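Residue numbers (the working numbering), protein chains in the order written: chain U, 1 to 380; chain R, 1 to 380; chain G, 1 to 380; chain B, 1 to 380.
If you are wondering where the hints come from, they were derived from the structure by calculation, not from laboratory data.
Just so we're clear, the structure is a prediction, and the values are computed from it rather than from any experiment.
Among the clues, some could well be false.
For identical chains, the list gives no copy identity; a pair is met inside one copy or between any two copies.
[Claimed, not checked] Taking lysine to any residue and the SDA-like style, the derived pairs with C-alpha atoms no more than 25 Å apart in a straight line are:
| no. | residue 1 | residue 2 |
| --- | --- | --- |
| 1 | Lys267 | Glu171 |
| 2 | Lys147 | Asp70 |
| 3 | Lys114 | Arg211 |
| 4 | Lys185 | Glu88 |
| 5 | Lys45 | His305 |
| 6 | Lys267 | Thr279 |
| 7 | Lys267 | Thr57 |
| 8 | Lys64 | Arg333 |
| 9 | Lys267 | Arg211 |
| 10 | Lys185 | Val85 |
| 11 | Lys189 | Val29 |
| 12 | Lys169 | Asp286 |
| 13 | Lys366 | Lys377 |
| 14 | Lys147 | Arg260 |
| 15 | Lys227 | Arg243 |
| 16 | Lys377 | Arg237 |
| 17 | Lys117 | Leu346 |
| 18 | Lys372 | Thr213 |
| 19 | Lys267 | Val223 |
| 20 | Lys169 | Arg243 |
| 21 | Lys114 | Leu210 |
| 22 | Lys64 | Lys335 |
| 23 | Lys117 | Met92 |
There are 4 protein chains.
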Amino acid sequence: MGMVGGGSDAFIGAIHRLAALMDNQIELVCGCFSSDPEISVSSGKSYFLPDNRVYRTYREMFEKEAGLRDGERMDFVTIVTPNFVHFEPAMMALDSGFHVVIDKPITFSLDEAKRIKQKLDETGLTLALTHTYSGYPAVKEARDRVKRGDFGEIRRIYVEYPQGWLSSKIEDAGNPQASWRTDPKRSGKAGCMGDIGTHAFHLTEYISGLRATELCAEINVFVPGRKLDDDGAALIRFSNGARGVLIATQIAAGEENAIRIRMYGNKGGLEWAQHEPNTLWLKWTDRPTEMVRVGQGYMGAAARHNTRTPAGHPEGYLEAFANIYRNFSLTVRAKMENRKPDPLWLDFPTVDDGIRGMQFIDSVVKAGYDDKTKWVKMVE
Amino acid sequence: MGMVGGGSDAFIGAIHRLAALMDNQIELVCGCFSSDPEISVSSGKSYFLPDNRVYRTYREMFEKEAGLRDGERMDFVTIVTPNFVHFEPAMMALDSGFHVVIDKPITFSLDEAKRIKQKLDETGLTLALTHTYSGYPAVKEARDRVKRGDFGEIRRIYVEYPQGWLSSKIEDAGNPQASWRTDPKRSGKAGCMGDIGTHAFHLTEYISGLRATELCAEINVFVPGRKLDDDGAALIRFSNGARGVLIATQIAAGEENAIRIRMYGNKGGLEWAQHEPNTLWLKWTDRPTEMVRVGQGYMGAAARHNTRTPAGHPEGYLEAFANIYRNFSLTVRAKMENRKPDPLWLDFPTVDDGIRGMQFIDSVVKAGYDDKTKWVKMVE
Amino acid sequence: MGMVGGGSDAFIGAIHRLAALMDNQIELVCGCFSSDPEISVSSGKSYFLPDNRVYRTYREMFEKEAGLRDGERMDFVTIVTPNFVHFEPAMMALDSGFHVVIDKPITFSLDEAKRIKQKLDETGLTLALTHTYSGYPAVKEARDRVKRGDFGEIRRIYVEYPQGWLSSKIEDAGNPQASWRTDPKRSGKAGCMGDIGTHAFHLTEYISGLRATELCAEINVFVPGRKLDDDGAALIRFSNGARGVLIATQIAAGEENAIRIRMYGNKGGLEWAQHEPNTLWLKWTDRPTEMVRVGQGYMGAAARHNTRTPAGHPEGYLEAFANIYRNFSLTVRAKMENRKPDPLWLDFPTVDDGIRGMQFIDSVVKAGYDDKTKWVKMVE
Amino acid sequence: MGMVGGGSDAFIGAIHRLAALMDNQIELVCGCFSSDPEISVSSGKSYFLPDNRVYRTYREMFEKEAGLRDGERMDFVTIVTPNFVHFEPAMMALDSGFHVVIDKPITFSLDEAKRIKQKLDETGLTLALTHTYSGYPAVKEARDRVKRGDFGEIRRIYVEYPQGWLSSKIEDAGNPQASWRTDPKRSGKAGCMGDIGTHAFHLTEYISGLRATELCAEINVFVPGRKLDDDGAALIRFSNGARGVLIATQIAAGEENAIRIRMYGNKGGLEWAQHEPNTLWLKWTDRPTEMVRVGQGYMGAAARHNTRTPAGHPEGYLEAFANIYRNFSLTVRAKMENRKPDPLWLDFPTVDDGIRGMQFIDSVVKAGYDDKTKWVKMVE
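Just chain U, same shape as in the assembly:
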């Protein structure tokens, strides 16, 4: 694995390294860790990389790595830069023959996302998008039970992602995470809706297997002087007639990262919340609510494949993240060795999920700032 971004001052890069390395399937072999070459070099040193594998620009990295021999060359690159520096390195990586892992939202614009898809189709390479929450085993179990029809036809979906960290204008106080996320030049059209709304939206379609078709939204900027939304809510209509409510906010003072989803069919419902990620609640009209627990023998194949410890040993965010990396690496290795990947390994977010996220951003921004039109069709 090589890395673009993720210098020692960055948050999400560290997460990617932890997630990639823990399963002993992936090694960090090179990187360009910052747009500042000095930070890149010092970061590489602290990651125990040899000097000649720490690059000053990602262009240099792709060129040099492409020239290395098999087994030495990195197999894929992870792109963990702010949104506006996703597209170029991703395209360059693909052009140089490297598989790609990329943080969400996949690109700065929907058009870029589509061009990446086209490039993937042309090259046959593999891309994984780190929508972490679908990496949790309990979330996979939820999806499988919905698919199996345990809850009947899904009618009602509630998804929420409340955070409180942007309740005041911390971007002015030099918080680097806040700084680029609230800047339309680096983040894109949307703030809160792009940063966490896309996670909530992805989880909804991932578990339900449904497609949103139109939405009615309100987008808000609560903190004075902020340029991008820090809050929003959307009513969503799904292909099968199901109805959804999506809530995302970064000004719910005192909330941490409380993503939660509930879904109800005519026979029963489910609930999952990241704050207790190893539990999936099953609700029934005529019998007791069940507490399904990750690691138990009764769990389905996907949940079991994505769990490392027996029940009662809490797994968390890093393990969910690592599940994306592990499935991606198993898939890539199989492809490199001309084996057919196990269907369980293919269970990671792809460019299609990335496009879907960009369509959500475009749609929710369009709907959210329009006080007249009630229902907006999902942008294609």
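Guided by the hints, dock chains R, G and B onto chain U, whose structure is given.
Coordinates of chains R, G and B only, in the frame set by chain U:
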């Protein structure tokens, strides 16, 4: 206390009796417990009433009771009939000089509610509306802390009331609660939104002290053949610029009565849920979340006044209900004795809350079935 | 109902009145509410009693009431005085032909308890002991499921009752509850173990249906200068070979009233805690934990009989308390009318539970202060 | 890092690899993964090791590795074999100059543990013992707040570790984990008390900073035919007069791995449970309970140093485990580079904790099977 409705086959009537009697402030002295005179008589007997105080019609009751002497005559009447039989007995009671307790929604239509208010103004009598959830001490504590400014200016409100009991068409199977609630002739314009949406709406304005000014809504009928909404969601704008999301549903299969409210200002937030009613959560941006518990010495005056036991003895729905009755009876007794009621006693929902609920119903129905207009001003 | 104790300055008396009155089965008709005649009189007035039914001594009350005619005379008396004033009024009441409700522990000594039992046998009268926690419907459901064998043979029991209110010497600051409970002359041999240990012990035998046979205990006095135990723990051996751990403390700073019980057989286990009293957890070796909820249609007959509202309307401590009163009053009324009580009505703690509690106190005190003998047989 | 044990069929070895690798501080470079050389070789291959670093015996491994040059040679060895194969490889590793990580309990007998300590003293090498639960950041926060005196003088400790996986005789059905753990020849004197009782005991002394001085215990074998205890409970007396109750069981059917600890001083108390490991509850006599959350800015230095993600990203068992490895590796690297380790890095369990665990096992077994002697002094 006299009673209209609440025969031995009814649900909410039994609740009212439990709530009214527990504090040893109120006695049940008479009633017309059913539109079926035989049920009325047998019910009265099972409530240990003498034959001559059990009436065959409420008209008869008001006439006869009005003729009794002071001290023997009932002081107030409780009306616990389906919505379409609220207005007439209420007006008759007021005309006969009796105070009134009435279940929500206050009337079948907004106009009726306004006429009751006018009658109350003319007579100087007192009316209590049983929006139970504002009777919980933790809810009162929440209101007081919002008012005191602990959380700063309120920006964001989420309120939800998911139920699952109408997930299938149980009204066809003879469930009497379901039967009238899903019948527009007996329930009014709204089903779910009138039955539980009004509770959620009331809680929102009660705790925040804010007034909703416009809303954007979607109303759904999920169970085929049902005539009234069994589900809905609304985005709400408040007078101070705060934004709300209100969710109410009766088809969330497996949910019980899970009313929950969260509210966030620029300094912090709060959360309360009926499933754990003795706890109020306070959330802060810079210090640990606090678990405020009913019965503790640090609670405010309103919470203390509305609690019967020390901390750690769970109080529930019936005690919340009883708080309305107790405050109402303390107020009425003070008025009858020409004393000024303590401000704490006046803390029960009144005709103004009833009108507000009817305005919400009119507004949400108007907005919810309109696919074009996004924002609807609250009906006045 | 008449009352001994429970003046307007008392805690538990108010609880008894709330519990007795809410179901419209019982009226408060007379009382001697305090050893101070003036408090008794003013209390009676505030409870809306006529002057001639408020007595200055309980002796006077029993004599006068016994002389009243049927229908006017109280049917039973509730004794809510400190422990050292239980025996005399109870015996006097029984001698005068009145049924009795009494707070726990039943008497000051085991011998007194046995004499009350003898008197009950002679008179055929009925006595209820208010071990409140066995009044919760979820506790009754637990007992029924254990009895039915759902969990197999019970092997392991954990019961705990941590409180924190006696963490410092509040009895010196004039707290009346603390004052008599920490005084051996008014409370008896045991402090914490008598006050709340007996509750924990009762719950254990009530749910399991087992009998403790021997115990190993340690009793502590943590607060300097206190004369009775404020903390203790016991290992318990049961008749069938099951093992128990009983914890009771009043110095667990910050705890409220957190009584909790867990029980495991070879097939599964259960958990119930008063802080969430409407939920019973069922645990299984091979399938998901189930959350059984009071008010649901799947609950057994005893739980249903002792529940007043549908699922999702939290019932609490007062309703559990009221279940004892309701079952007692249904039983007494049936006896008075020469009907056979329904077995469900007979489900309230009796003198046998009272004797059992006194045996526990004697045993745990004996074991707890002895540093040599490990296992002490339950005192008979 | 080299490894003794941890073949592809083992549970805890996989955990150790995950924990060791995730922080990019440690590489797996060699191992003898099984007493069966074929399993060792195939395991090594699946861990991507070159053939010449996979050994057939640990003796061979220590000899060969000791002969490799600096930078290539492993720096330390991790021993993850059953208890009876701890001592010999540990001593051999130390004699060969390698630092050691070892799973708990440290050895088969107390005497062996003391001999390892002596060897460490002689060689100056470093040993870490994987008492995982003290690796959780919330546990470290608890320890620091106790030390700081937030709760006053500690009086009361409750620790419990209920599991249900040994509710039936699964060792006969070929479960390898159950097989050696229930076999006195491979596990040692104690079953449940050695396997999980030692964890509970360690947590108690770790957080409180106190030393147990004597205990009164009961040890049980519930499953017929089992040779070692599968359940037990102990009353513990601590040096400062504090009292503890320790519960450990493996027959609590339906429980997972529910280790939980509560501790109370005269000013307040704390609670931590592994099932919600990122939360520490602080309880107070006069103000609301606080929910302290890992990742928040208000956490102390130790908690912050042992946390990888911001608040709201649940960290779990593997991260707690990894904290031991990270601190151990930071310490070892500092020593190798002649730097003084930061005090925060020295925060991992050592041979002293191992000896303490063996003393607990000896003491609890002695006390638990003796029906006469009540209090047993901690074996030194």
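Each hint, compared with the structure:
Only between protomers do Lys267 and Glu171 lie at most 25 Å apart by alpha-carbon distance; the minimum there is 17 Å, versus 46 Å within a single protomer. Proximity of Lys147 and Asp70 under a CA criterion of 25 Å is satisfied in neither setting, with 41 Å inside one chain copy and 55 Å between copies. Taking the closest pair of Cα atoms, Lys114 and Arg211 come within 25 Å of each other only inside a single copy of the chain (18 Å); across copies the shortest separation is 45 Å, beyond that limit. In this homomeric assembly, Lys185 and Glu88 come within 25 Å of each other (Cα to Cα) only inside a single copy, at 15 Å, whereas the closest approach across copies is 62 Å.
Within a single copy, Lys45 and His305 get their C-alpha atoms only as close as 35 Å, which misses the 25 Å cut-off; across copies the closest is 21 Å, which meets it. In this assembly of identical chains, Lys267 and Thr279 lie within 25 Å of each other by CA distance both inside one copy and across copies; the values are 20 Å within and 22 Å between. For the identical chains of this complex, Lys267 and Thr57 are neighbours neither inside a copy (55 Å) nor across copies (43 Å), given an alpha-carbon limit of 25 Å. Proximity of Lys64 and Arg333 under a CA criterion of 25 Å is satisfied intra-copy only: 22 Å inside one chain copy versus 32 Å between copies.
Proximity of Lys267 to Arg211 under the C-alpha cut-off of 25 Å is restricted to the intra-copy arrangement: shortest distance 21 Å within a copy versus 38 Å between copies. In the homo-oligomer, the alpha carbons of Lys185 and Val85 lie at most 25 Å apart inside one protomer (11 Å), although the nearest pairing across protomers, at 61 Å, exceeds that limit. In this assembly of identical chains, the alpha carbons of Lys189 and Val29 never lie at most 25 Å apart, being 34 Å within a copy and 47 Å across copies at closest. In this assembly of identical chains, the alpha carbons of Lys169 and Asp286 lie at most 25 Å apart only when taken from different copies (14 Å versus 49 Å within one copy).
In the homo-oligomer, the alpha carbons of Lys366 and Lys377 lie at most 25 Å apart both inside one protomer (10 Å) and across protomers (22 Å), since each shortest distance falls under that limit. Proximity of Lys147 to Arg260 under the C-alpha cut-off of 25 Å is restricted to the intra-copy arrangement: shortest distance 19 Å within a copy versus 29 Å between copies. Taking the closest pair of Cα atoms, Lys227 and Arg243 come within 25 Å of each other only across two copies (18 Å); inside a single copy the shortest separation is 30 Å, beyond that limit. Within a single copy, Lys377 and Arg237 get their C-alpha atoms as close as 9 Å, and across copies as close as 24 Å, so both meet the 25 Å cut-off.
Proximity of Lys117 and Leu346 under a CA criterion of 25 Å is satisfied intra-copy only: 17 Å inside one chain copy versus 49 Å between copies. Taking the shortest alpha-carbon separations for Lys372 and Thr213, both the intra-copy value of 19 Å and the inter-copy value of 17 Å come in at or below 25 Å. In the homo-oligomer, the alpha carbons of Lys267 and Val223 lie at most 25 Å apart only across protomers (12 Å), although the nearest pairing inside one protomer, at 42 Å, exceeds that limit. For the identical chains of this complex, Lys169 and Arg243 are inter-copy neighbours only, at 19 Å across copies versus 34 Å inside a copy, given an alpha-carbon limit of 25 Å.
Taking CA atoms no more than 25 Å apart as the test, Lys114 paired with Leu210 passes inside one copy only; the shortest distance there is 21 Å, against 45 Å between copies. Only within a single protomer do Lys64 and Lys335 lie at most 25 Å apart by alpha-carbon distance; the minimum there is 23 Å, versus 37 Å between protomers. For the identical chains of this complex, Lys117 and Met92 are intra-copy neighbours only, at 13 Å inside a copy versus 56 Å across copies, given an alpha-carbon limit of 25 Å.
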